[in-house]
Amino acid sequence: MQDQPRLLFSQAGGSVPGLPPHLQDTEAEGRKQDIGDILQHIMTITDQSLDEAQARLLFHLLSIRGAEEEELPDPQLLRLDNMLVAEGVAGPEKGGGSAGAAAAAAAAAVGGTASDNSTEHSDYRAKLTQIRHIYHTELEKYEQACNEFTTHVMNLLREQSRTRPISPKEIERMVSIIHRKFSSIQIQLKQSTCEAVMILRSRFLDARRKRRNFSKQATEILNEYFYSHLSNPYPSEEAKEELAKKCSITVAQVSNWFGNKRIRYKKNIGKLQEEANVYAAKTAVTAKNSVAHGSQANSPSTPNSAGECLWATLHSQTLIRSEI
DNA sequence: TCACATGATTTAGC
DNA sequence: GCTAAATCATGTGA
1 MQDQPRLLFS
11 QAGGSVPGLP
21 PHLQDTEAEG
31 RKQDIGDILQ
41 HIMTITDQSL
51 DEAQARLLFH
61 LLSIRGAEEE
71 ELPDPQLLRL
81 DNMLVAEGVA
91 GPEKGGGSAG
101 AAAAAAAAAV
111 GGTASDNSTE
121 HSDYRAKLTQ
131 IRHIYHTELE
141 KYEQACNEFT
151 THVMNLLREQ
161 SRTRPISPKE
171 IERMVSIIHR
181 KFSSIQIQLK
191 QSTCEAVMIL
201 RSRFLDARRK
211 RRNFSKQATE
221 ILNEYFYSHL
231 SNPYPSEEAK
241 EELAKKCSIT
251 VAQVSNWFGN
261 KRIRYKKNIG
271 KLQEEANVYA
281 AKTAVTAKNS
291 VAHGSQANSP
301 STPNSAGECL
311 WATLHSQTLI
321 RSEI
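Just so you know, full-length UniProt numbering puts 189 at position 189 of the first sequence, and the rest follows in order with no gaps.
Bear in mind the hints are in silico, worked out from the structure with no lab data behind them.
Please note that a few of the clues may not be correct.
DSSO-like cross-link-like pairs, simulated, lysine-lysine; straight-line CA separation at most 27 Å [what the hints assert, rightly or not]:
no. : residue 1 : residue 2
1   : Lys282    : Lys216
2   : Lys266    : Lys282
3   : Lys261    : Lys282
4   : Lys240    : Lys266
5   : Lys245    : Lys216
6   : Lys282    : Lys271
7   : Lys266    : Lys246
8   : Lys261    : Lys240
9   : Lys246    : Lys216
10  : Lys245    : Lys282
11  : Lys271    : Lys240
12  : Lys216    : Lys240
13  : Lys267    : Lys240
14  : Lys261    : Lys216
15  : Lys240    : Lys282
16  : Lys216    : Lys267
17  : Lys245    : Lys261
18  : Lys261    : Lys271
19  : Lys282    : Lys246
20  : Lys266    : Lys216
Using C-beta positions, here's what the derived DEER-type ranges look like [to be verified]:
no. : residue 1 : residue 2 : range
21  : Pro75     : Ile269    : 26 to 36 Å
22  : Arg162    : Ala86     : 42 to 52 Å
23  : Ser215    : Glu148    : 52 to 62 Å
24  : Pro75     : Val251    : 28 to 38 Å
25  : Arg262    : Glu238    : 12 to 22 Å
In this text, all values refer to a predicted model and were calculated from it rather than measured experimentally.
Cβ atoms here follow ideal geometry from the backbone N, Cα and C, with glycine treated the same way.
Work out the full structure: start from the sequences and follow the hints.
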């Protein structure tokens, strides 16, 4: 996870001392050309005579303002904001908050218990907190830079107003343009942060990476069901739910297990026949008791699909072979 | 360390 | 949407 902060600050490009790296590479993208130009103005302003700087900066800002006058709130920015809030990076910090929720969701996804995953989830939360910290630090820098630049431009305009009339409305519009420009820079920060969170999530929460074998008891329960319904090992939705509950796993995991079991049973029928016999003996004992109580629980449903019919055929052939 | 077991994912067919 | 089949990625035991 050492990559995360680096990812946030890894943009290549020309270096401009004193500004965050996000601000330093904006001119590389055609769409961000104006932002880059403005930033260049900021950075070169101290090397120029004040008059020259004023003239160039004002000319630039006035030349770009028209096209952006009626810009609507950026839906991309809204989406990024929503995502950052949902991930617990932006918005109010709650003790664990959304990160805790994400971790809990991860626990459910991998079918593990809370205690099994607590260490990993605390790591996840720690990394998320780190991202959150970097994000807020950078955001503060942007806001500060935006305020400083706005103040500077307003001072320049006031200076200009001595030589030509500049209305308060014009100043207001100029400020608005500057804010929009800095807002587009913020999108880059938010995109990088979202990317970092996604990578973090995939590393910590990817179920495949975090595969855990089911408990012996769970496997036992699933095998018992499978072999006692060998003629039609397709549990109904209700049966899956019941098995999931008994095994403390999800219904999807039950479906996965039966999918894997069917295919692997078919591939290794000879080998698994012994296992089938063991469970058949167990089932016989259970069935004896069930008959005594008139129970029909978990009875196999009748084959209702091509796959199930094929399976029934295959199973009957296997039985015949084993009889021979 | 390696081979095998196993849970999850992907893809294609229905 | 469910399933078979192939595949991936990780766990486990020798």
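Going through the hints against the structure:
1. This hinted pair checks out: Lys282 and Lys216 have alpha carbons roughly 16 Å apart, not beyond 27 Å.
2. Among the hinted pairs, Lys266 with Lys282 is consistent with the structure: their alpha-carbon atoms are about 21 Å apart, no more than 27 Å.
3. Only pairs whose Cα atoms come within 27 Å are accepted, and Lys261 paired with Lys282 is accepted, the gap being roughly 19 Å.
4. For the given pair, Lys240 sits about 21 Å from Lys266 by alpha-carbon distance, which is consistent with the 27 Å threshold.
5. Note on Lys245 and Lys216: the hinted pairing holds, with a Cα-Cα distance of about 15 Å set against a maximum of 27 Å.
6. The hinted pair formed by Lys282 and Lys271 meets the criterion: a straight-line CA distance of about 18 Å does not exceed 27 Å.
7. Only pairs whose Cα atoms come within 27 Å are accepted, and Lys266 paired with Lys246 is accepted, the gap being roughly 26 Å.
8. Of the supplied pair hints, the one linking Lys261 and Lys240 holds, its CA atoms being roughly 14 Å apart against a limit of 27 Å.
9. A hinted pair counts as satisfied when its Cα atoms are at most 27 Å apart, and Lys246 with Lys216 qualifies at roughly 12 Å.
10. For the hint pairing Lys245 with Lys282, the CA-to-CA distance comes to about 21 Å; that is within 27 Å, so the pair holds.
11. For the hint pairing Lys271 with Lys240, the CA-to-CA distance comes to about 26 Å; that is within 27 Å, so the pair holds.
12. Under the criterion of a C-alpha separation no larger than 27 Å, the hint pairing Lys216 with Lys240 is consistent with the structure, at around 18 Å.
13. The hinted pair formed by Lys267 and Lys240 meets the criterion: a straight-line CA distance of about 23 Å does not exceed 27 Å.
14. A distance of roughly 15 Å separates the Cα atoms of Lys261 and Lys216; the hinted pair therefore holds under the 27 Å criterion.
15. The straight-line distance between the Cα atoms of Lys240 and Lys282 is roughly 21 Å, inside the 27 Å bound, and the hint therefore holds.
16. For the suggested pair Lys216 and Lys267, the alpha carbons sit about 23 Å apart, so the restraint of at most 27 Å is met.
17. Using a Cα cut-off of 27 Å, the hinted pair Lys245 and Lys261 holds, with the two alpha carbons roughly 19 Å apart.
18. Taken as a hint, the Lys261 and Lys271 pair is honoured in the structure, with Cα atoms around 13 Å apart against an allowance of 27 Å.
19. Proposed proximity of Lys282 and Lys246 is supported: the alpha carbons are some 18 Å apart, at most 27 Å.
20. Pair hint Lys266 plus Lys216 holds up; C-alpha atoms about 22 Å apart against a cutoff of 27 Å.
21. For Pro75 and Ile269, the Cβ-Cβ distance of about 56 Å falls outside the hinted range of 26 to 36 Å, so the restraint is violated.
22. Taking the beta carbon of each, Arg162 and Ala86 are about 50 Å apart, inside 42 to 52 Å as hinted.
23. Our hint of 52 to 62 Å for Ser215 and Glu148 holds, since their Cβ atoms are close to 60 Å apart.
24. Hint check: Pro75 to Val251, Cβ distance near 36 Å, so the stated range 28 to 38 Å holds.
25. Under the hint 12 to 22 Å, the C-beta atoms of Arg262 and Glu238, about 19 Å apart, fit the expected range.
Checked against the numbered hints given earlier, this structure breaks only hint 21.
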